[in-house]
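Visitor: I would like the entire structure built from these sequences, with the hints used as guidance.
The chain contents come next:
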Amino acid sequence: MSIQTPDDADEPFTTALEAALLAAADDDHVMGNRLCDWTGVAPTVEEDVAISNVAQDELGHAEHLYAEVAKLRDATAQELAYEREPEAYRNARLLEAPFEEWADTIVRHYCYDVADSIRLEALANGEYEPITGLLEKILAEEAYHLEHGEVWIETLANDEEGQARLQAALEANWADALAVFEFDGDEPVEGVYGSSLAEQREAFIDEVVPTFEAAGLAVPELEAPAEASGREGVHTADLEDLLAETRTVYEQGVDVDA
Amino acid sequence: MSVTAPQSFEDRVQRGEQVEPTEDLPLEYREAAQRMIQFHANSEIVGTLPERRWIKQAPTMRRKRAISAKVQDEAGHAQVLYRVAETLGLNSRDEMVEELIEGEAKYANVFNYEAKTWGDAGYIACFIDGAAMFRQGSLTASSYAPYARGLRKICYEESFHVKHGEDIIRSLATGSKAEQELLQDAVDRWWEPTLQFFGPRDADSTHQDELMRWGLKVKTNDELRQEFLEEFYVPKLERYGIEIPDDDLHYDEEAGRWEYTPLDWDRFFEVSRGDGPMNDERLSVRREAYEDNAWVRRAAGVN
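Just so you know, the sequences run in chain order A and B.
Numbering-wise, the first sequence is residues 1164 to 1421 according to the working numbering.
Numbering-wise, the second sequence is residues 3 to 305 according to the working numbering.
Rather than coming from a laboratory, the hints here were simulated on the basis of the structure.
Mixed in with the good hints there might be a few duds.
Examples of chain A residues toward chain B, derived with CB under 7 Å [as the list claims (entries may be wrong)]:
| id | residue |
| --- | --- |
| 1 | Thr1178 |
| 2 | Asp1211 |
| 3 | Thr1374 |
| 4 | Glu1408 |
| 5 | Asp1418 |
Even glycine gets a Cβ: it sits at the ideal position worked out from N, Cα and C.
Guide: In structure tokens form, the structure reads like this:
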């Protein structure tokens, strides 16, 4: 069974699909903006290029995903990216805090890219055909991001200080990493994803835990937090600060598309 | 013969020959090339700093992606240029990076000014990168072959930056009164630093004669400034209806050159020595990042 155009879908499906795409777009938007914290100040000149490239990709993914959401609801991509209140954002909290320390950045970047790839794969295996081409293109770029994160996990883990910093970052972020697969408390409508959120989370754990363990790290015995997640619109002050910063020029009405 | 060898080398490069790092290059040549290419590499990496905030603050997703790509390119140019400088066999990358953060190595003065507004973000991409294209375009004929090769790729990317910048300029110039004022304000503040981007007047330039003699530079600072005014700066400002902030600017038909109010060269040298609005900020950002991430480089075995 497949859905060829937005008009072929019934309303519950469209609503659930829109929520799934919006969460993915918000994740990439927040992640792309955050990764820019390293542009110009990365540990080496090579890494400056690499991390800025990842940031650029994420911002591009967000742009395209917002455009897909805009086809499903009465809003432009620009409004979705720039005009919603922080509580209307559906990004995972894992991505909200500024990137200030390299091991923390690498753990969050790696966890997110694994999670994002699994989620996008599940969307590509869903019933909504119009996004398949876009998702394939995004997944091809995500493969590079994954490799970038993995290489850094291995590299840092081979250093005593690096391993201690990775362990601390893993403990600080693990619950939020599991919460990437939370969704408004409910399972999305069948067919939006090719696999359930619980299955996606299992796939995530099956992928990252062996990588962390091979790097000599102990994965915490934690579940995703019971309180409301970013997917339900509950965010930190970091997100409010970030969104306020992204809107300064937009709110002046300067160089904004007509 | 060691006495005559440098002379014959000079003849070769004066004839327009390009030389490779594997050749027996005179030490004076290596030193002059090192200083010039290191300056260029430093300028690219410091050049990311005035623009990085505009990735977050860009007013559309499309602009965000374009400016992120641009800043990434600048970092890539620094990477290429440091590698080219290393082929001269004098300074390692680490030594060059350390000289930069210690404030011992220079970079383009223009990056010691603040990019205050979105108008500045568009201005820098269009006019500073436009100026860079004139300078770098001429240097693709530089006698040091690895530098000339690196610059061909760099110029190709800079041309996209200029397009991105000009698109912002066009949008502001054809926009609301507030947008036009934002653009005019940027031009008013950047006019002088932009013309000074090409370096001191020929008569005041310490190293220019030496660089010309070695064929490392093929056009003088004043020649490049004139070309830029004639072929790019003035026509673009006029096309977009921007008021040129110098009433004395005019083309002197007889002399065949643009005349303008003398630039404040004392101020130029002050900024160059460290007294610009953003010198301390630029260097301290680089220094802190370098120090905070020493453990990462050690873990990665890169120093």
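Visitor: What hint numbers does the structure not satisfy?
Guide: Numbers 1, 3, in rising order.
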